[in-house]
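Chains as they are written, first to last, in this note's numbering: chain E, 2 to 537; chain L, 336 to 457.
The set of hints was computed from the structure by calculation and includes no laboratory data.
As the structure is a computational prediction, the values presented were derived from the model and not from experiment.
Note that the Cβ used here is the ideal one computed from N, Cα and C, for glycine as well.
Residues of chain E clear of chain L, computed beta-carbon distances all greater than 10 Å: (1) V115; (2) L134; (3) A211; (4) R238; (5) A249; (6) F458.
Listed below are the simulated DSS-like cross-link pairs for lysine-lysine, each with C-alpha atoms no more than 30 Å apart in a straight line: (7) K12/E / K345/L; (8) K87/E / K410/L; (9) K150/E / K138/E; (10) K12/E / K411/L; (11) K12/E / K410/L.
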Amino acid sequence: MEIPYVVTPRKDTGLFNSKIAIWLFLASEVMLFGGFFSAYIFLRIGADYPWPERTLPVLPGLINTFVLIFSSVTVVFAWASLKLRKWRQFQIFMGITVVCSVVFMVFKGIEYNVKFHHQAVRLTDYTVIEGHLGKEKEDGEYVLDHNGKPIEEDRIRIQATGLTFNTVRYYDQWILELHSQAEHHKSKILLVDDVKATGRDGGEETIAKAGEPLSLELLGRIQKAHLEAKTHNSKLRRAALRQEWSQAKDENPAKRGWELASGVAIDEQALAPKLMTEIGTVDFKVEPPARLDFRPRDIREGASESHLRDDTIVRGEMLASPMVFHNVDAIDFQHMAMKAVEKGMDPMTVIENSWLLKNHAFAREAWEWNKGQVAALEKQLLEKYGVDKKTGLPKREPTATERYRIGWKDFVSMANGVDRGEAKIAIKEEFTGPDYQGREDKHTFPHLTVPREQVRFASKFTPAWNTYYASYFTITGLHGLHVIGGALVLAYYLFFGRKMFESNPEWLANRVEVGGLFWHFVDLVWIFVFPIFYLM
Amino acid sequence: MADSPEEIRKSVRIYLLVGLILFAGTVATVLVATVPWLDIGEHGFDMWDCILGLAIATTKASFVAAVFMHLNHEKKAVYWVFGSGLVFAAFLVALIGLAKSDPIHDPLFYGGATEAQIEDKG
Numbered sequence: 002m003e004i005p006y007v008v009t010p011r012k013d014t015g016l017f018n019s020k021i022a023i024w025l026f027l028a029s030e031v032m033l034f035g036g037f038f039s040a041y042i043f044l045r046i047g048a049d050y051p052w053p054e055r056t057l058p059v060l061p062g063l064i065n066t067f068v069l070i071f072s073s074v075t076v077v078f079a080w081a082s083l084k085l086r087k088w089r090q091f092q093i094f095m096g097i098t099v100v101c102s103v104v105f106m107v108f109k110g111i112e113y114n115v116k117f118h119h120q121a122v123r124l125t126d127y128t129v130i131e132g133h134l135g136k137e138k139e140d141g142e143y144v145l146d147h148n149g150k151p152i153e154e155d156r157i158r159i160q161a162t163g164l165t166f167n168t169v170r171y172y173d174q175w176i177l178e179l180h181s182q183a184e185h186h187k188s189k190i191l192l193v194d195d196v197k198a199t200g201r202d203g204g205e206e207t208i209a210k211a212g213e214p215l216s217l218e219l220l221g222r223i224q225k226a227h228l229e230a231k232t233h234n235s236k237l238r239r240a241a242l243r244q245e246w247s248q249a250k251d252e253n254p255a256k257r258g259w260e261l262a263s264g265v266a267i268d269e270q271a272l273a274p275k276l277m278t279e280i281g282t283v284d285f286k287v288e289p290p291a292r293l294d295f296r297p298r299d300i301r302e303g304a305s306e307s308h309l310r311d312d313t314i315v316r317g318e319m320l321a322s323p324m325v326f327h328n329v330d331a332i333d334f335q336h337m338a339m340k341a342v343e344k345g346m347d348p349m350t351v352i353e354n355s356w357l358l359k360n361h362a363f364a365r366e367a368w369e370w371n372k373g374q375v376a377a378l379e380k381q382l383l384e385k386y387g388v389d390k391k392t393g394l395p396k397r398e399p400t401a402t403e404r405y406r407i408g409w410k411d412f413v414s415m416a417n418g419v420d421r422g423e424a425k426i427a428i429k430e431e432f433t434g435p436d437y438q439g440r441e442d443k444h445t446f447p448h449l450t451v452p453r454e455q456v457r458f459a460s461k462f463t464p465a466w467n468t469y470y471a472s473y474f475t476i477t478g479l480h481g482l483h484v485i486g487g488a489l490v491l492a493y494y495l496f497f498g499r500k501m502f503e504s505n506p507e508w509l510a511n512r513v514e515v516g517g518l519f520w521h522f523v524d525l526v527w528i529f530v531f532p533i534f535y536l537m
Numbered sequence: 336m337a338d339s340p341e342e343i344r345k346s347v348r349i350y351l352l353v354g355l356i357l358f359a360g361t362v363a364t365v366l367v368a369t370v371p372w373l374d375i376g377e378h379g380f381d382m383w384d385c386i387l388g389l390a391i392a393t394t395k396a397s398f399v400a401a402v403f404m405h406l407n408h409e410k411k412a413v414y415w416v417f418g419s420g421l422v423f424a425a426f427l428v429a430l431i432g433l434a435k436s437d438p439i440h441d442p443l444f445y446g447g448a449t450e451a452q453i454e455d456k457g
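This is chain L alone, in the form it adopts within the complex (with noise of 0.2 Å):
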């Protein structure tokens, strides 16, 4: 981390160029979900919309985290302590995975189901 003078004089600058960044990634987000001819894959929100939207957001978080939080040049116990959070964090969104055998997707249960598949479930 910087610490002498020098260095935080330096570390300054990177500080506001990576808030303009965060800035202009924001106007970027929001262009991208509401100006019609940034919209890609298919006309309004889709999947697309969504992975390049949380991209965006991915990226301004890793400059947050990697700059302003100083994760670009931390001690090994920072890392551990922080990864195994992240972890569990994903870990606990890929249990999302486990609801595809959930019922609420079922649409017998939710009343989406065809005639036909509901004679097939008998």
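Next up, chain E with everything else stripped away, as it sits in the complex (with noise of 0.2 Å):
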């Protein structure tokens, strides 16, 4: 069957087919990120906290923006070739767009993976640190968790006793690391009591034994006969229900569903003999006790009794769960600048008497430096734009990041003993951030402990820090799955295009100029992007 109009235009459109679909497709993309950046301006304008300016590193944003506008000449120049009828010409240029989205694409890789490994914590006073955790060691060696995978100095740690896990919900991956923590410290979680169940025959079986020791197959046995009763009870339960309905029915056979409903409820004491045991919970024990690890988001703490997500009761006492910092890398005061100032508290003084700038001397010495910082600004902004006449004010002052912030390249500033923005960073350090081990020797980046009753809220930069960092996700993740996309059909066209160059080199002209279309589209979206999440 013979395609229409792939290359002459139709009559009413004046446009051959595939040109009007794509601009249709453009529109719908255009409302698509429409919509994401006006939930961007909503979130920003309502933002209760105070929203992160130019706090993405700007020169990858910048190569990246090159290597799109590059990329955007290419496709155009590769179209234009074909217009030539010069296939050679067409896949150099297609090549270099091809590469171009690679780059592109290992630039944001390198970014994400940067944020993913970031650590931030929200202390209860506002104060926010950011910096790398230490990793978990015993003898000079890393612990592993069961995956073999170091684990960070972020746990609650509780010195258990006994556990109880639900027998529907329980987690696989969370019973295989509480078994290797419990070997590791050489200890055993053993079932408390016998599990019997009453079986359909009204018989007591014996589905566990006292002291067997907790696996997968043990609870999924116990699974498996709970689920066994629930659904045999629940058969019954409903048979009885039903017969109940029939007979208040035929008793009233005036009255209407909802009128009898208060009346009809089943003989729990007829049905009882009948019915099978469920075991919702089982009881096990840790012998002898031993210290297990969770991680905080896989937790609610308490002091004798904690529960996992997945409904398991650890009983046992809360122990000393720091999170540790191996090397900080920002302080930030705006937060709590902001809570202040809404409290009519001066910040300054809050800031002072925060629980890091009392606790911790490095701290307070990188304040001091930044006080001094902020001065000497202060003071240049006075001389050079002076005051205003009828406020009395000064013109330019200071903002919040500057005067609240103390950032990674400001640590770097104050160790190698030069003004802020005046330290050589390495071009290295701008994509990857601060190299921490190259700069060991002069302890620029500092060791923290935080203990757990300081932590408000803690995260890596992930959607879950707060909502610059979930639109920033979502607006660049959607704009990076329409690179790959478009850079798919791009090289389609670019590995698979000969035969038709050949056949109907039009059809493929007007292909490439279709596929051009949405790579201009998705360059025209980076523009925007660009200037909004790492300028402004």
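The two chains are supplied separately, each in an independent frame; assemble them into the complex guided by the hints.
Here's what the structure looks like:
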């Protein structure tokens, strides 16, 4: 079958069909991205925390912008080459375009990777600390979890004496992890009592015996018996209820269902002997009691009893569970200052009395250095721009970020004894963040232990951290998917277009034009993404 | 649209020129955002920096749309289709205006109210 209007335009639209189709698609894309940008503006103007400004590394963003613009030029050159029937030239320009898309995604990947490994914590007094957590070590060796990965020093530690599992909701991976940890401490997790159940025939059956060690097989066995009992009992209950309803309707044919509802109930006592035993939970003991560690997001900790997200109850005393930063690379008092102003308090006084400044000498030193830098900037702005005659206040003042945030480049400046913004930063550091090891000799990035009770919220720089990062990952992630999709289509023309070029070059030129239109749109979106997320 | 080989050769020069304008626009955006003496309005990021940054971005986007995407000489159908998408997107952005009456902007809601404001509201 011949596809109509792939080369010649339709009379009514004046366009070949795929062109009108791509424009319809681009119109829907404008609305999609428009919706996301609109959500971004809404979140930004309504944010109840200091919005991060110019927080992303500009250089990788700038290079990516250049890469996309360059690829926009090469894709249009590729199309022009086809129009001039120059296959070799088309291959070169299209090849460059596809390479540009790969370069773009590599830079994006590096940027995401840095964010996913960068830790932030908001303290109860709204101080924000950023950096990298240490890894658990024992006798100089990393402690590994059941998957063989090192464990970050950010765990809730419990001296566990017992565990109660929900037999339906328990999570396999956590069972394996608990097993591995108990084994590490030479402890055993054992079933407390025999698990007995009444079977279908009314006879009692032992599902598991007291003292059996915790395993997925054991829990699976109990779960099977429990679910069988639930299914059986549910059937009996439904049948009994149906019977009750029939009886009630037969006795009161004139009444409506809702009028009878309150009088219809199952006779539980009569039903009880026929029911099988449901085993909703099962108790285990930890022998001897051992320290079990949990990721903070998996557990709601209590002094003597804690709950995991899969409904497992952990019995035992909570031990000291600090977050340990091996490298602190930013201290941010902006949120604290904002809260102080809301309460009508002086931000500087509140900051001076913060937990961090009172307990850590390095933080105090950095803060004093920062105050000196802010004072110098204030003086410089005053000399340059003067005072507003009406208000009597300086025309220009340092921003909240300059006043209250000590970023990683500031730590580098401080360690090297130079003023803010004057430290030498390696190009690699602009992409992947500070070189912690290389700067260790000057103790640039301090060590910090944060007691658990000081932690309000902690997260990596992922969408969970705040609405800025949620918008950033949503919009740049969606844009990245467009880059991948567009590059695949263009690569298809590059590698599989030769046959069409020889049989119907105009058709191929039209296809490339349509693919190119999509590629330009991807560039067009980035033209807005770059200033909005990286510079504003 | 350029269809004859001659016209296409001419267009290629324009594509190159637009590419250079886009590069220059990008450099300008970064400079106005990072170089202190190019900082308009207040010190640091403010409304004027936002307006200037978005104005440069819009200009760049217009060049891409007009020249690379050939919107400077397209058929009516394309203008209607793409134009209606833009109108809807603009409408979505304008909806933010409704947020003025949203409780998230109410200082009593998020805790930024002064004591006098709280007393006023009873």
